[in-house]
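Participant: Throw the hints in and build the complete structure from the sequences for me.
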Amino acid sequence: MSLDDLRVFLTVAHCRSFTKASDRLALPKTSVSRAVARLEVALGKRLLERSTRSLRLTEAGVQLREQTAELVERIEAHLSQAAEHHERPQGILRIAAPYELGVLRLGDVLNDMLLRYPGLEAEIELTSNLIDPRSEDYDIVFRLQQGAMPDSSQVVRRIYSIARGLYAAPALLQRLGTPSRAADLAGWPAVISPDEPVWQLQAPDGNIETIHPAGPLRAHNVGMRLNGVVAGLGVGLLSSYYCRREIADGRIVPVLPTFGVAPMRVYALLPARRLMPAKVRVFLDELATVLAPWDQENGRRA
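If you're matching positions, the sequence shown starts at 2 in this note's numbering and goes up one per residue.
One thing to keep in mind: the hints can contain errors.
[Stated by the list, open to error] If you anchor each label on the Cβ, the simulated ranges turn out as follows:
1) Pro294 / Leu80: 32 to 40 angstroms
2) Val42 / Val63: 53 to 61 angstroms
3) Ala184 / Arg17: 51 to 59 angstroms
Rather than coming from a laboratory, the hints here were simulated on the basis of the structure.
Backbone N, C-alpha and C define an ideal beta-carbon position, used for all residues, glycine too.
Facilitator: Below, the structure is given as C-alpha coordinates:
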(Lines of atoms letter the chains of each structure in order from A; the text may use other names.)
(Lines give C-alpha, C1' and ligand atoms only; values in the text may rest on other atoms or scores of the structure.)
Protein backbone atom coordinates (compact mmCIF):
# COMPACT_ATOMS: atom_id res chain seq x y z
CA MET A 2 0.00 0.00 0.00
CA SER A 3 1.47 3.34 -1.11
CA LEU A 4 1.48 6.33 1.23
CA ASP A 5 0.83 8.54 -1.79
CA ASP A 6 -2.21 6.47 -2.79
CA LEU A 7 -3.50 6.61 0.77
CA ARG A 8 -3.04 10.39 0.82
CA VAL A 9 -5.05 10.65 -2.41
CA PHE A 10 -7.83 8.47 -1.00
CA LEU A 11 -8.07 10.59 2.17
CA THR A 12 -8.35 13.73 0.07
CA VAL A 13 -11.12 12.19 -2.04
CA ALA A 14 -12.88 11.06 1.15
CA HIS A 15 -12.73 14.59 2.53
CA CYS A 16 -13.82 16.33 -0.68
CA ARG A 17 -16.39 13.68 -1.65
CA SER A 18 -15.42 14.40 -5.23
CA PHE A 19 -12.69 13.20 -7.59
CA THR A 20 -12.73 16.57 -9.36
CA LYS A 21 -12.29 18.60 -6.16
CA ALA A 22 -9.62 16.21 -4.91
CA SER A 23 -7.67 16.48 -8.17
CA ASP A 24 -7.82 20.28 -7.92
CA ARG A 25 -6.60 20.25 -4.32
CA LEU A 26 -3.79 17.80 -5.06
CA ALA A 27 -2.91 19.40 -8.41
CA LEU A 28 -3.14 15.98 -10.06
CA PRO A 29 -5.05 14.83 -13.14
CA LYS A 30 -8.42 13.34 -12.31
CA THR A 31 -7.35 10.08 -13.94
CA SER A 32 -4.35 9.84 -11.59
CA VAL A 33 -6.61 10.34 -8.59
CA SER A 34 -8.99 7.64 -9.79
CA ARG A 35 -6.13 5.20 -10.44
CA ALA A 36 -4.65 5.78 -6.98
CA VAL A 37 -7.96 4.88 -5.34
CA ALA A 38 -8.33 1.87 -7.63
CA ARG A 39 -4.85 0.63 -6.63
CA LEU A 40 -5.82 0.85 -2.96
CA GLU A 41 -9.01 -1.09 -3.58
CA VAL A 42 -7.07 -3.82 -5.38
CA ALA A 43 -4.44 -3.95 -2.62
CA LEU A 44 -7.09 -4.23 0.10
CA GLY A 45 -9.48 -6.39 -1.87
CA LYS A 46 -12.37 -4.11 -0.88
CA ARG A 47 -14.41 -1.41 -2.54
CA LEU A 48 -13.77 1.89 -0.75
CA LEU A 49 -16.09 4.21 -2.66
CA GLU A 50 -19.53 3.93 -4.18
CA ARG A 51 -19.64 6.02 -7.33
CA SER A 52 -22.57 7.31 -9.35
CA THR A 53 -23.00 10.03 -11.94
CA ARG A 54 -24.18 12.47 -9.28
CA SER A 55 -22.64 11.41 -6.00
CA LEU A 56 -19.77 9.67 -4.29
CA ARG A 57 -19.90 8.10 -0.86
CA LEU A 58 -17.65 5.97 1.30
CA THR A 59 -18.40 2.31 1.78
CA GLU A 60 -18.12 0.81 5.24
CA ALA A 61 -14.58 -0.28 4.38
CA GLY A 62 -13.80 3.24 3.15
CA VAL A 63 -15.06 4.82 6.38
CA GLN A 64 -13.00 2.37 8.42
CA LEU A 65 -9.85 3.05 6.40
CA ARG A 66 -10.28 6.81 6.73
CA GLU A 67 -10.79 6.64 10.49
CA GLN A 68 -7.82 4.33 11.02
CA THR A 69 -5.31 6.15 8.82
CA ALA A 70 -6.11 9.90 8.65
CA GLU A 71 -4.25 10.88 11.82
CA LEU A 72 -1.41 8.44 11.11
CA VAL A 73 -0.82 9.86 7.61
CA GLU A 74 -0.86 13.42 8.96
CA ARG A 75 1.72 12.51 11.61
CA ILE A 76 3.95 10.73 9.09
CA GLU A 77 3.81 13.68 6.70
CA ALA A 78 4.57 16.13 9.49
CA HIS A 79 7.59 14.11 10.63
CA LEU A 80 8.88 13.74 7.08
CA SER A 81 8.42 17.44 6.47
CA GLN A 82 10.26 18.45 9.63
CA ALA A 83 13.07 15.97 9.04
CA ALA A 84 13.59 17.19 5.48
CA GLU A 85 14.93 20.55 6.56
CA HIS A 86 15.29 22.08 10.01
CA HIS A 87 14.49 25.54 8.70
CA GLU A 88 11.72 24.53 6.34
CA ARG A 89 10.46 27.16 3.96
CA PRO A 90 6.71 27.79 4.08
CA GLN A 91 5.02 26.12 1.14
CA GLY A 92 1.69 24.71 0.05
CA ILE A 93 -1.71 26.31 0.58
CA LEU A 94 -2.31 28.21 3.83
CA ARG A 95 -6.05 28.18 4.56
CA ILE A 96 -7.25 30.85 7.00
CA ALA A 97 -10.62 31.92 8.38
CA ALA A 98 -10.82 35.17 10.32
CA PRO A 99 -13.33 37.73 11.57
CA TYR A 100 -13.57 40.86 9.45
CA GLU A 101 -12.06 42.93 12.27
CA LEU A 102 -8.85 40.91 12.16
CA GLY A 103 -8.77 40.91 8.38
CA VAL A 104 -8.16 44.65 8.45
CA LEU A 105 -5.70 44.56 11.38
CA ARG A 106 -2.53 43.96 9.37
CA LEU A 107 -3.36 40.32 8.61
CA GLY A 108 -3.37 41.06 4.89
CA ASP A 109 -0.07 42.94 5.11
CA VAL A 110 1.68 40.00 6.77
CA LEU A 111 0.15 37.51 4.35
CA ASN A 112 1.10 39.54 1.27
CA ASP A 113 4.68 39.88 2.51
CA MET A 114 4.97 36.12 3.01
CA LEU A 115 3.54 35.35 -0.43
CA LEU A 116 6.16 37.62 -2.00
CA ARG A 117 9.02 36.03 -0.04
CA TYR A 118 8.01 32.39 -0.44
CA PRO A 119 7.14 31.51 -4.07
CA GLY A 120 5.98 28.02 -3.06
CA LEU A 121 3.30 29.41 -0.75
CA GLU A 122 -0.32 30.10 -1.65
CA ALA A 123 -3.13 31.37 0.57
CA GLU A 124 -6.89 31.11 0.82
CA ILE A 125 -8.60 33.41 3.33
CA GLU A 126 -12.24 33.77 4.31
CA LEU A 127 -13.49 36.70 6.38
CA THR A 128 -16.54 35.57 8.31
CA SER A 129 -18.37 36.11 11.60
CA ASN A 130 -19.27 32.39 11.76
CA LEU A 131 -17.70 30.21 14.44
CA ILE A 132 -15.64 27.70 12.48
CA ASP A 133 -14.00 24.49 13.66
CA PRO A 134 -10.64 24.15 11.84
CA ARG A 135 -10.89 20.36 12.01
CA SER A 136 -14.26 20.03 10.30
CA GLU A 137 -13.75 22.85 7.80
CA ASP A 138 -10.18 21.92 6.80
CA TYR A 139 -8.54 25.23 7.74
CA ASP A 140 -4.94 25.56 8.90
CA ILE A 141 -5.78 28.55 11.13
CA VAL A 142 -9.09 29.87 12.42
CA PHE A 143 -8.91 33.19 14.22
CA ARG A 144 -11.39 33.86 16.99
CA LEU A 145 -12.20 37.11 18.81
CA GLN A 146 -13.24 36.64 22.43
CA GLN A 147 -13.20 38.38 25.79
CA GLY A 148 -11.24 36.43 28.38
CA ALA A 149 -9.67 33.01 28.00
CA MET A 150 -10.76 30.40 25.49
CA PRO A 151 -12.65 27.43 26.98
CA ASP A 152 -10.87 24.10 27.20
CA SER A 153 -10.61 22.57 23.77
CA SER A 154 -9.08 19.60 22.01
CA GLN A 155 -7.71 22.11 19.51
CA VAL A 156 -4.40 23.93 19.81
CA VAL A 157 -5.05 27.52 20.91
CA ARG A 158 -2.55 30.38 20.76
CA ARG A 159 -3.21 33.92 21.96
CA ILE A 160 -1.96 36.34 19.33
CA TYR A 161 -2.96 39.79 20.43
CA SER A 162 -5.37 41.82 22.59
CA ILE A 163 -7.32 44.64 20.95
CA ALA A 164 -7.80 47.81 22.99
CA ARG A 165 -11.32 49.19 22.79
CA GLY A 166 -13.30 52.22 23.84
CA LEU A 167 -16.55 54.10 23.39
CA TYR A 168 -16.70 56.57 20.49
CA ALA A 169 -19.27 58.94 19.02
CA ALA A 170 -19.54 61.61 16.34
CA PRO A 171 -18.94 65.19 17.59
CA ALA A 172 -22.42 66.16 16.38
CA LEU A 173 -23.98 63.57 18.69
CA LEU A 174 -22.13 65.00 21.69
CA GLN A 175 -23.17 68.53 20.74
CA ARG A 176 -26.78 67.38 20.74
CA LEU A 177 -26.76 65.19 23.86
CA GLY A 178 -23.91 66.65 25.90
CA THR A 179 -20.66 65.15 27.17
CA PRO A 180 -21.19 62.29 29.65
CA SER A 181 -19.05 62.00 32.77
CA ARG A 182 -20.58 58.79 34.16
CA ALA A 183 -21.76 55.57 32.58
CA ALA A 184 -25.25 56.36 33.88
CA ASP A 185 -25.26 59.48 31.71
CA LEU A 186 -25.48 57.23 28.64
CA ALA A 187 -28.92 55.94 29.68
CA GLY A 188 -31.27 56.64 26.81
CA TRP A 189 -28.49 57.45 24.35
CA PRO A 190 -28.76 55.80 20.93
CA ALA A 191 -26.09 53.17 20.34
CA VAL A 192 -24.56 51.19 17.49
CA ILE A 193 -24.36 47.62 18.71
CA SER A 194 -22.78 44.28 17.93
CA PRO A 195 -25.32 41.45 18.43
CA ASP A 196 -22.48 39.50 20.05
CA GLU A 197 -22.10 42.09 22.81
CA PRO A 198 -25.54 43.25 24.01
CA VAL A 199 -24.16 44.44 27.36
CA TRP A 200 -21.26 46.86 27.87
CA GLN A 201 -19.22 46.76 31.06
CA LEU A 202 -17.02 49.74 31.90
CA GLN A 203 -14.50 50.09 34.68
CA ALA A 204 -14.83 53.50 36.32
CA PRO A 205 -11.73 55.41 37.47
CA ASP A 206 -12.48 54.28 41.05
CA GLY A 207 -12.38 50.64 39.94
CA ASN A 208 -16.11 49.98 40.08
CA ILE A 209 -17.69 48.10 37.18
CA GLU A 210 -20.65 49.88 35.61
CA THR A 211 -23.00 48.14 33.20
CA ILE A 212 -24.73 49.64 30.17
CA HIS A 213 -27.55 47.98 28.22
CA PRO A 214 -27.22 49.77 24.88
CA ALA A 215 -30.13 50.22 22.50
CA GLY A 216 -30.23 51.94 19.16
CA PRO A 217 -31.11 51.94 15.49
CA LEU A 218 -28.24 49.81 14.17
CA ARG A 219 -27.07 46.31 15.06
CA ALA A 220 -24.34 44.74 12.94
CA HIS A 221 -21.75 42.00 13.26
CA ASN A 222 -19.56 43.78 10.74
CA VAL A 223 -17.28 46.29 12.43
CA GLY A 224 -17.10 48.40 9.28
CA MET A 225 -20.86 48.86 9.32
CA ARG A 226 -20.76 49.79 13.00
CA LEU A 227 -17.98 52.32 12.48
CA ASN A 228 -19.86 53.92 9.59
CA GLY A 229 -22.93 54.17 11.81
CA VAL A 230 -20.96 55.89 14.57
CA VAL A 231 -19.37 58.32 12.10
CA ALA A 232 -22.83 59.10 10.70
CA GLY A 233 -24.02 60.04 14.19
CA LEU A 234 -26.42 57.12 14.69
CA GLY A 235 -25.15 56.52 18.20
CA VAL A 236 -22.25 55.77 20.51
CA GLY A 237 -20.32 52.61 19.66
CA LEU A 238 -17.85 50.24 21.32
CA LEU A 239 -14.98 49.97 18.85
CA SER A 240 -11.37 48.91 18.49
CA SER A 241 -9.07 51.90 18.96
CA TYR A 242 -6.77 50.60 16.24
CA TYR A 243 -9.53 49.95 13.74
CA CYS A 244 -10.96 53.48 13.99
CA ARG A 245 -7.63 55.29 14.43
CA ARG A 246 -8.00 57.25 11.16
CA GLU A 247 -11.47 58.48 12.08
CA ILE A 248 -10.14 59.53 15.49
CA ALA A 249 -7.15 61.31 13.95
CA ASP A 250 -9.25 63.39 11.57
CA GLY A 251 -11.88 64.22 14.20
CA ARG A 252 -14.81 62.35 12.67
CA ILE A 253 -15.31 60.52 15.96
CA VAL A 254 -14.16 61.29 19.50
CA PRO A 255 -13.74 59.20 22.67
CA VAL A 256 -16.65 58.97 25.08
CA LEU A 257 -15.84 58.42 28.78
CA PRO A 258 -12.12 58.13 27.94
CA THR A 259 -11.13 57.58 31.60
CA PHE A 260 -13.29 54.45 31.79
CA GLY A 261 -11.73 51.11 30.95
CA VAL A 262 -13.18 48.49 28.60
CA ALA A 263 -12.06 44.87 28.58
CA PRO A 264 -9.90 44.18 25.54
CA MET A 265 -10.95 41.70 22.88
CA ARG A 266 -8.43 38.89 22.57
CA VAL A 267 -7.40 37.37 19.26
CA TYR A 268 -6.83 33.61 19.38
CA ALA A 269 -5.54 31.29 16.68
CA LEU A 270 -7.26 27.90 16.69
CA LEU A 271 -5.30 25.12 15.03
CA PRO A 272 -6.12 21.48 14.34
CA ALA A 273 -4.52 19.27 16.98
CA ARG A 274 -1.15 18.32 15.49
CA ARG A 275 2.04 17.07 17.03
CA LEU A 276 4.10 19.23 14.67
CA MET A 277 3.14 22.65 13.34
CA PRO A 278 3.70 23.13 9.57
CA ALA A 279 6.20 25.84 8.68
CA LYS A 280 3.58 27.85 6.79
CA VAL A 281 1.49 28.10 9.97
CA ARG A 282 4.37 28.67 12.37
CA VAL A 283 6.01 31.43 10.31
CA PHE A 284 2.73 33.22 9.64
CA LEU A 285 1.66 33.28 13.30
CA ASP A 286 5.11 34.38 14.48
CA GLU A 287 5.25 37.23 11.98
CA LEU A 288 1.68 38.34 12.69
CA ALA A 289 2.34 38.43 16.44
CA THR A 290 5.49 40.49 15.85
CA VAL A 291 3.69 43.02 13.66
CA LEU A 292 0.79 43.40 16.11
CA ALA A 293 2.95 43.46 19.26
CA PRO A 294 3.16 47.30 19.48
CA TRP A 295 -0.65 47.39 19.69
CA ASP A 296 -1.02 44.51 22.16
CA GLN A 297 -2.73 46.00 25.20
CA GLU A 298 -2.00 43.08 27.52
CA ASN A 299 1.72 43.28 26.83
CA GLY A 300 1.73 46.77 28.31
CA ARG A 301 2.47 48.42 24.97
CA ARG A 302 0.72 51.14 23.06
CA ALA A 303 -3.00 50.40 22.67
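Participant: State for each hint whether it applies.
Facilitator: Going down the list of hints, with the structure as the test:
1. Pro294 / Leu80: 32 to 40 angstroms: 38 angstroms, holds
2. Val42 / Val63: 53 to 61 angstroms: Since Val42 and Val63 have Cβ atoms about 19 angstroms apart, the given range 53 to 61 angstroms is violated.
3. Ala184 / Arg17: 51 to 59 angstroms: Since Ala184 and Arg17 have Cβ atoms about 56 angstroms apart, the given range 51 to 59 angstroms holds.
In this structure, only the earlier hint numbered 2 is contradicted, and the remaining ones agree with it.
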